[in-house]
Amino acid sequence: GAVVSQHPSRVICKSGTSVKIECRSLDFQATTMFWYRQFPKQSLMLMATSNEGSKATYEQGVEKDKFLINHASLTLSTLTVTSAHPEDSSFYICSASPNTGFQETQYFGPGTRLLVL
Amino acid sequence: SQKIEQNSEALNIQEGKTATLTCNYTNYSPAYLQWYRQDPGRGPVFLLLIRENEKEKRKERLKVTFDTTLKQSLFHITASQPADSATYLCALDRHNNDMRFGAGTRLTVKP
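Protein sequence lines correspond, in order, to chains G and B. So the first sequence is numbered by our numbering: it starts at 1 and just counts up by one. So the second sequence is numbered by our numbering: it starts at 1 and just counts up by one.
Watch out, some of these pointers could steer you wrong.
[As the list claims (entries may be wrong)] DSSO-like, lysine-lysine: derived pairs with alpha carbons at most 27 angstroms apart: (1) B:K55 x G:K41; (2) G:K41 x B:K63; (3) B:K57 x B:K17; (4) G:K66 x B:K57; (5) G:K41 x B:K71; (6) B:K110 x B:K55; (7) B:K110 x B:K3; (8) B:K17 x B:K63; (9) B:K71 x G:K64; (10) G:K41 x B:K17.
Calculated from the structure, these hints are not laboratory results.
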């Protein structure tokens with residue numbers, strides 16, 4: 001149980017295009033999902049907290065107009081990188097905690113590798 | 001400012017030995033601390049959680065300690081195996097269940 005999937009697993013795009021990444025909780029509902037970014041050999045950096053039915057909460061320094069988050073249902077959150085540039089190339093990972101039971105543990109998706117040319 | 005430091009970027013040990021990883025934090029008062037394993041190109045996988053009122057927790061070959069006075073957690077893998085080779089991340093809760101991660105320690109267990 002507690003499986004989180006991400007799609008796509010890998011994407012290459014041209015500079016200036018937008019890329020959408022999906023995060024799904026497959027066997028549980030999650031009111032809150034988290035989006036992280038990880039550069040090579042660095043740790044995960046929280047970008048934003050995605051709340052079902054309301055606006056996402058962004059960390060300091062993360063542009064909300066560039067990284068659009070939509071949490072349309074209790075099992076799906078999407079991150080759209082708008083007008084992507086090479087410096088946005090990174091590993092994007094989402095996580096979620098089940099609404100019921102032990103909520104402190106987060107379950108992570110497998111990550112999405114984004115390469116902007 | 002809040003900091004989480006994992007004191008070794010890399011740790012190499014021989015198979016069968018005990019690996020000990022350290023996580024220190026400053027300007028934090030976490031309710032709990034977690035350890036995750038991350039393999040290259042993959043998302044982190046939860047291993048253990050220890051609460052502020054717990055001194056030690058075990059799970060199979062894993063043991064975690066939590067000293068809120070020293071602001072330190074130690075993560076031990078006993079009888080280490082090459083399959084234990086990975087990056088290990090400590091994470092502290094902030095609020096609303098979101099967490100801050102340390103930079104990780106890359107463990108290599110040599111046969």
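Taking the hints in turn, this is what the structure says about them:
1. B:K55 x G:K41: With a Cα-Cα distance of about 30 angstroms, the restraint between B:K55 and G:K41 is violated, given a limit of 27 angstroms.
2. G:K41 x B:K63: Holds, because 25 angstroms separates the two Cα atoms, which is no more than 27 angstroms.
3. B:K57 x B:K17: Roughly 20 angstroms separates the two Cα atoms, so the pair holds.
4. G:K66 x B:K57: violated, 42 angstroms
5. G:K41 x B:K71: holds, 25 angstroms
6. B:K110 x B:K55: Answer violated: B:K110 to B:K55 is near 30 angstroms, above 27 angstroms.
7. B:K110 x B:K3: violated, 31 angstroms
8. B:K17 x B:K63: At roughly 14 angstroms apart (the allowed maximum being 27 angstroms), B:K63 and B:K17 satisfy the hint.
9. B:K71 x G:K64: Violated: B:K71 and G:K64 sit about 34 angstroms apart, past 27 angstroms.
10. G:K41 x B:K17: holds, 25 angstroms
In summary, the numbered hints that this structure violates are 1, 4, 6, 7 and 9.
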